[in-house]
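*Asks:* Listed below are the residues making up each chain.
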Amino acid sequence: MRSASERRRGYRYWLLGAVLCTCASAALTSDLYVVCNSNVALRPADVREVFIGEKSFAGTVRLTPADNLAAQATFLGRVVKFTADKYASLWTKKAFRDGANPPLVLVNDTEAIAYVRQTPGACSYVEAVPPTGVAVVAKF
Amino acid sequence: MQSTKMTLRSWWSCTAMLLLCAGLVAMPPAQAATNTDKDAAIADMQRKLDESLLAIKALSERVRELEAKQTSAAAAAPAATAANAATTAAPAQRLEATEQRVTQLEKADASRKSADSGLPLHGFADVGAGTHNPINSALKGFYVGNLDFYMAPRLGDRTRALFELNTEVGSNGTVGIDLERAQIGYQFSDETTLWLGRFHTPYGYINTALHHGSWVNNSLRRPRFLQFEDNGGIMPAHTVGLWASGTQHAGEGKLLYDVYGGNSQQIVGGGLDMRNAGSPQFNLAAGGRIAYQFNSGKLEGLTLGLHALTARIEADRPVSITRLRVYGGYADYDTDQWENIAEIYVFSNADLGGSSGSHRSNAGFVQFGYRLPWGVPYARFERAVLEQSDSYFAALDGGGSYSRAALGLRFDVDLRSALKLELANTRATDRARDQYGEGLVQYAIRF
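Top to bottom, those sequences are chains R and X. Just so you know, our numbering puts 121 at position 121 of the first sequence, and the rest follows in order with no gaps. Just so you know, our numbering puts 286 at position 286 of the second sequence, and the rest follows in order with no gaps.
No lab work stands behind these hints, which were simulated from the structure alone. Keep in mind that a hint or two might mislead.
What the hints assert, rightly or not - Pulled from the structure, derived: some chain R residues nowhere near chain X, Cβ distances all over 12 Å:
#, residue
1, D31
2, L32
3, R78
4, V79
5, L104
6, V129
7, A138
8, K139
9, F140
Said to hold, decoys possible - The list that follows gives simulated cross-link-like pairs (lysine to any residue, SDA-like), each with its CA atoms no further than 20 Å apart:
#, chain 1, residue 1, chain 2, residue 2
10, R, K86, X, L210
11, R, K55, X, S320
12, R, K81, X, G173
Where a beta carbon is used, it is the ideal one built from N, C-alpha and C, also for glycine.
Throw the hints in and build the complete structure from the sequences for me.
*Replies:* The following block contains the structure:
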């Protein structure tokens, strides 16, 4: 039979392990911020629609989304729920069917922030905490 | 002894837990290491990151340079009052100059991204072979299909444009070039876009979802009665006119609508001509389509629609005038696994030039496709029962009744190319009672 103090110690080890696991997975899962130009008012629920070309306007403002290559895999998995292949295929078909243009492709957070800050209607996503001068419309 | 065992057990628990954590932490890199594509992507991103760092370094140096210039200018300013002012204004000026410079650089970079840096040209092409040509069953062997280019220039906030130029090989081997679509539109909102020009006539599902690009289509070819006008189709696949199109959120799904009007087509030499340049007497063709798309729940991916069109069709051989009236419905179930399509068309045509009265005909198809990681196997059955005393069908080369059953397979060779195989059995049921089997292969790409 284990004594009460040994059982408590055992629980503590399991608790410690659980905390470590949680911390480890939190460290692996970074936040993703969807940012838009300050003239854009967008609901988090609309973000997916914007990037798959189903929503082109926020009020009277024409939206011009841009993909951020450095964070695209995370964004597609977490927000659009598409693989990169399916996303590319969707835009090929959409362009051919509707004459729609796919989002611009930017390389990293710096480019995405600069583009969003300077382009009316622009939206993109970044992994680093966004600086001032852009509107954070959602965090995933 | 018991206490030692317990301590050991606790120690093992702790060790096991730590190993589990270590495993969890180590797992993603281990998976990544096994994925060569990811490695390549990471290496590419690393290279781009290095380039960005270099750019940042260059910018920093430039900012330092500007700051130095600003400082020396301030230092050179004569007079005690100016010097006095400089001591208070210099930091603010430097900050302002730096901010201006950064803003200029950001603007330049942003405009570089959004600038019109040339029009990307995309397209589709296909070639193939078969026991019969997929369009003209009288021909056998190898064939060249379509080479199709499309352009959708970025024009501004609300103006949109789409041009599609298709080169195709006719039955006699000559190469023809068609401006399949030439439409310029104004997007008022997500709910309304107004197009002017030549567009896909919005009926059913596939006429607007699929077009000349074979790669887009999972099946090797369209149903025969829905082929394009110059390939024996019996429907006006293109209209030259005005088209309003849009979507509206409704419940958990979307309401899709299309309304259009344009030049009535004519039948010239056995095929439909969409009168690109107009006609001596303008006859209006008009129609519409309304559909509901389910975007959540058990029916997610399902679209149900109704469509109707009417036109005044003049034919040259035999000379006739027909009031074309077509209505019908369609269903499309498009999910990660399934691509199932069904369309039905009912014709209720009236002879305006003779005395043969009204005629009823119908045509339809059903197609089931299942998406697998490597491709899409599909099965299709199509049938057209077309009244031969109807002057509209009598004037069309492809106006005969038939039925066709087909089994096919699309194999995705890579992201941009697909190999398709189809086995089909076609039975002509009125004009020429004929039956033939087909084995077809097609290699289709996009670029």
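*Asks:* Each hint needs a verdict: does it hold in this structure or not?
*Replies:* Outcome of the hint check:
{"no.": "1", "hint": "D31", "in the structure": "holds, 17 Å"}
{"no.": "2", "hint": "L32", "in the structure": "holds, 16 Å"}
{"no.": "3", "hint": "R78", "in the structure": "holds, 15 Å"}
{"no.": "4", "hint": "V79", "in the structure": "holds, 16 Å"}
{"no.": "5", "hint": "L104", "in the structure": "violated, 6 Å"}
{"no.": "6", "hint": "V129", "in the structure": "holds, 18 Å"}
{"no.": "7", "hint": "A138", "in the structure": "holds, 19 Å"}
{"no.": "8", "hint": "K139", "in the structure": "holds, 22 Å"}
{"no.": "9", "hint": "F140", "in the structure": "holds, 18 Å"}
{"no.": "10", "hint": "R/K86 <-> X/L210", "in the structure": "holds, 17 Å"}
{"no.": "11", "hint": "R/K55 <-> X/S320", "in the structure": "violated, 46 Å"}
{"no.": "12", "hint": "R/K81 <-> X/G173", "in the structure": "violated, 46 Å"}
Against the hints set out earlier in the document, violations occur for numbers 5, 11, 12.
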